[in-house]
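Number of protein chains: 4
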Amino acid sequence: MNTFGRFFRFTTFGESHGRALGVVVDGCPPGIEFSEADMIPLLERRRPGLSPLSTPRSESDNPEILSGIFEGKTTGMPVAMIVRNRDARSGDYESGKELFRPGHADYTYREKYGIRDYRGGGRSSGRETVSRVMAGALAMKMLSITGISFKSRILSVHGISDPGLFEDEILSAKSAGDSVGGVAEVTVKGCPAGVGDPVFGRLDAALSAAMMSVGAVKGVEIGDGFSSAEVFGSENNDSMASDEYGNVKFLSNHSGGILGGISTGEDIVIRIAVKPTPSISSEQQTVDIHGNNRLISTGGRHDPCIVPRITVVAEAMAAVVIADSYLSMRAYAPFE
Amino acid sequence: MNTFGRFFRFTTFGESHGRALGVVVDGCPPGIEFSEADMIPLLERRRPGLSPLSTPRSESDNPEILSGIFEGKTTGMPVAMIVRNRDARSGDYESGKELFRPGHADYTYREKYGIRDYRGGGRSSGRETVSRVMAGALAMKMLSITGISFKSRILSVHGISDPGLFEDEILSAKSAGDSVGGVAEVTVKGCPAGVGDPVFGRLDAALSAAMMSVGAVKGVEIGDGFSSAEVFGSENNDSMASDEYGNVKFLSNHSGGILGGISTGEDIVIRIAVKPTPSISSEQQTVDIHGNNRLISTGGRHDPCIVPRITVVAEAMAAVVIADSYLSMRAYAPFE
Amino acid sequence: MNTFGRFFRFTTFGESHGRALGVVVDGCPPGIEFSEADMIPLLERRRPGLSPLSTPRSESDNPEILSGIFEGKTTGMPVAMIVRNRDARSGDYESGKELFRPGHADYTYREKYGIRDYRGGGRSSGRETVSRVMAGALAMKMLSITGISFKSRILSVHGISDPGLFEDEILSAKSAGDSVGGVAEVTVKGCPAGVGDPVFGRLDAALSAAMMSVGAVKGVEIGDGFSSAEVFGSENNDSMASDEYGNVKFLSNHSGGILGGISTGEDIVIRIAVKPTPSISSEQQTVDIHGNNRLISTGGRHDPCIVPRITVVAEAMAAVVIADSYLSMRAYAPFE
Amino acid sequence: MNTFGRFFRFTTFGESHGRALGVVVDGCPPGIEFSEADMIPLLERRRPGLSPLSTPRSESDNPEILSGIFEGKTTGMPVAMIVRNRDARSGDYESGKELFRPGHADYTYREKYGIRDYRGGGRSSGRETVSRVMAGALAMKMLSITGISFKSRILSVHGISDPGLFEDEILSAKSAGDSVGGVAEVTVKGCPAGVGDPVFGRLDAALSAAMMSVGAVKGVEIGDGFSSAEVFGSENNDSMASDEYGNVKFLSNHSGGILGGISTGEDIVIRIAVKPTPSISSEQQTVDIHGNNRLISTGGRHDPCIVPRITVVAEAMAAVVIADSYLSMRAYAPFE
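Chains as they are written, first to last, in the numbering used here: chain B, 11 to 346; chain S, 11 to 346; chain Y, 11 to 346; chain Z, 11 to 346.
Relax, there's no trap hidden among the hints.
Where chains are identical, the list cannot tell them apart; a pair therefore holds if satisfied intra-copy or between any two copies.
Listed below are the simulated DSS-like cross-link pairs for lysine-lysine, each with C-alpha atoms no more than 27 Å apart in a straight line:
#1 K83 x K107
#2 K107 x K259
#3 K161 x K259
#4 K83 x K151
Honestly, the hints are just simulated from the structure, not real lab data.
Taking the hints into account, I'd like the entire structure generated from these sequences.
So, in structure tokens, the structure goes:
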């Protein structure tokens, strides 16, 4: 349940205020240059505390590789990576330990497990995504050899599509003791045709699972997504043409680069809907673990909008999915 | 790649015009009454040829259980089920065997495998979903013991939300040699809190993968989905309250019954975007396997809108996901 | 639990007296020529009724391929294969349905599942191995392209190592209303160095699981096996030498072709211990499902020695293990 | 490939002379008391340097739990555990970095990966088993709640069965610059009937894979193992009887507590053959990575017999297998 992927396979662990967060990537081929430095840019983009828009909690997020690298390269053995938690003021959470925060996993974890690590959400915290970003960095490094790259952008915040207004919108929500969500897009460039597997190994299915497994994501689209449900087939189909050298091209990319679950060679386009941060200063109605009605304010060191940070995680997740399917393609290539 | 689930786990096989389609469910507990009759209603709802809106191809879809049932009950052994293909006029496909149909998986399969079963899409055909429906029927039967049930409805067709207009919209597209898509919704009722696992075993992630693995699905939402990205946190959070007996209730269900990947006890709500059927009579530009530019018309025995039939498949997929997580919950229940 | 392998992965189903036995192989690369005829020789060697030494029950074991083959070749899609049961006189088993046969799985299945298919052992019958043989035939076909082949032989029967005495030994046990076991050996020839994965994907671990998963197998050895525990390291180590062309050779093969779980390039040698058939005519003490002490005689249509038939199954299992690791080797080959 | 188990599932990582060895256990139910102290006894029994019989290298093996424990109990989240390497004089290995040590995985790793961590065997070192022992300690703690326990003993060393002679035999080999192997036995006590799954989830198959995945193990037996191949069915079958209260008992345990892959309720008995330590002081013939013939002496800080230490690892592996099947039993228990 904490493992993702079949070929480029990784297992994450760690809680928001535990000793460390980490990931073990089992299934990276040998010979790929990789070091802690390769993770820093992605971790920096993900980490909080960098702008007035995000939480003031400042983790330094120094990754340490524990295994699987020898003389600067992957060996084919599992690559274990951890980030120690430092700024873990768990005392902050004592007061709320008996309250179920609306929009969080407090209630469901308690119902399921009987026990829960109430410090900052424990395992259900967004901090868990540090592990994914480390795995994603390795996937990206591997895929860079093949010419595949990833980029992301924010499409809208709180329904507003003008990037110049995003910061104002977020600060305005924050000052009102509230929060906002938004929509982000990840694009995979340079992916050749033939990546992905049929039926339950479909690239779009794997990407959807990957994205929806990120906390706060409530919707996923591939290509035109929900818009494709509103047009004619003649508009939605991507026609094909051959150039003078016999190279096949798609004349449009409504499919988002995936047909039948397998990449077409065009850009792969994924969009995600991110809900507003559930932690807000405004008072909300809730119950405690004894069944009493209570009021709660969960403001504090929380991002009023996690869309900017989540786009990095979404890129990382896209990378591990593509890496996984890429290795599958090697395994099942036609003989001879 | 043709296996879904970890606990209630099934593997599907079969091509559109091969000998049979089938599924092996490995992971159904013993003692559940199940027979071919339990599959008929779902298979009938899924199958083509029942209305002017769907394809005239009429498969009888008579399921046969090959194993795993003894004296009318599951034994805990794998339940293999098949449906033989009968109305398989593969001759119909000879003429198009060298053409890549736009919007279909023809090109990607060919690129990936070098070989493809061109008869009606082979494995990438919607006919593959017969296997899923059989697995779903068993999952539903198992879950019915626990009081969990499934229902679905069409929310819109070609952007139109009035059910009274759906048929007209579809027939109008058909007569224009075109096709339309739509949006459908599946609701899971009676699911207790605590179903689903954290991180990559999240119920919403599994449901997304399940839905997106169905051909023609291009978007998935849980609860308010993309709409949740446009509201404030104070609007999107579901407050909780306790009644006089200490029973906890959510005062709204924007989350769609899932928090932190685990069920809350409220209805689980999933929506899918279905693209227009790619097979249309209108001519489209394409290429053949030799790289020549060609025109193609892929009309014929195809549904102008597969939303009605796909809702059944979506219900079935929701059922297998819930069944899977339900068994996981039993495995990992607290000791004593 | 009914699935084996990660890359060349298959799921078996079916009971001794159910409608059919079958297997779905998910993970065979495209382009491999395969038909029912490729399974016949192996199925014939496995099947009962061919000699006075084996059970008179005569199944014809006509395999049918339901999917995954198009124009005589694998397509990369799941290959489903079944054999219908014909000579299923389940009436024969009515009398013993409440008795637990010593040495059989009757008691354990009943304890575990509460329900059991008592007809000929149901799922726990040796007849289940028909599915494995079909999967093995496909694995062998795939591996034959790479020059890998399989052979097996009986090393001893009832402790006797002279092949000329095997038949007498078996007939003598049979006439005494008893049964005997033996030891068999499988050799994999032509396997290059580098097949197998470290730690839990070790080739020897996978081969052991494969062999021990066959009913009646109680011991497995790789290379010198238990004998290696009785010699000095200097005797057991296989020295290496390089010939004039720089080709590395092992000067002995005590390791059985596997070091660190990975093939060395030498013959891979596996030995299995097969217990005597538990079904015997002599009376034995047992209990019934109501807890009453009873006497039982389980003679009838049963092999007095299954070693000859089980060697075929062992070959098939060796083939699926090698096929699995071979595909893994392709997936994780060094980049560039 | 570095993951074991389906329900009680763990992934190991780390090299002999890397930064740390570790394991992530994903699939331990919540509520089980567990701390570093629970691992110490097992780690102490496994670790080298404690007697004249084992290697003088003295790792302190201080385990650290990084996640999954809150307020002294498991939370249901992944339990990550590491042991840092301290006494890692990798300089010792510089001289031999181009030589393939006979009996080791040096050649096969090099052939497979092109790159290998030559420091003390890297991932193929016996030091890897530290991770297994940590996972085993958690499995044992969980199973202790159900009354299941594990014990092990050495049956023979270098073919000698008198425990009073083991030490002499080992020291004698050591002084001759040589090494010896032996046979060990693990017994599982208190395991109820019904643990284990049919076909490929068989308890005996899983135990065999678990044991054979330990470096130096070359053979596995369940119950009477190879001896059962030499007796009559009437001798090998375990008769059953019911006592005055209707409790079923087996009158012997030749099967080693497993029938049809499922536990009978009797002691589960597993035996393993351990080859002599391949590292010996005596000179052996080998080749280097350039294909030159060379002589090698691999003595030094190595156990002349690893049987005593490997029994601990075998206990740990037995524990994880039983834990895995135990959780499976909970998942698939009959409904109601």
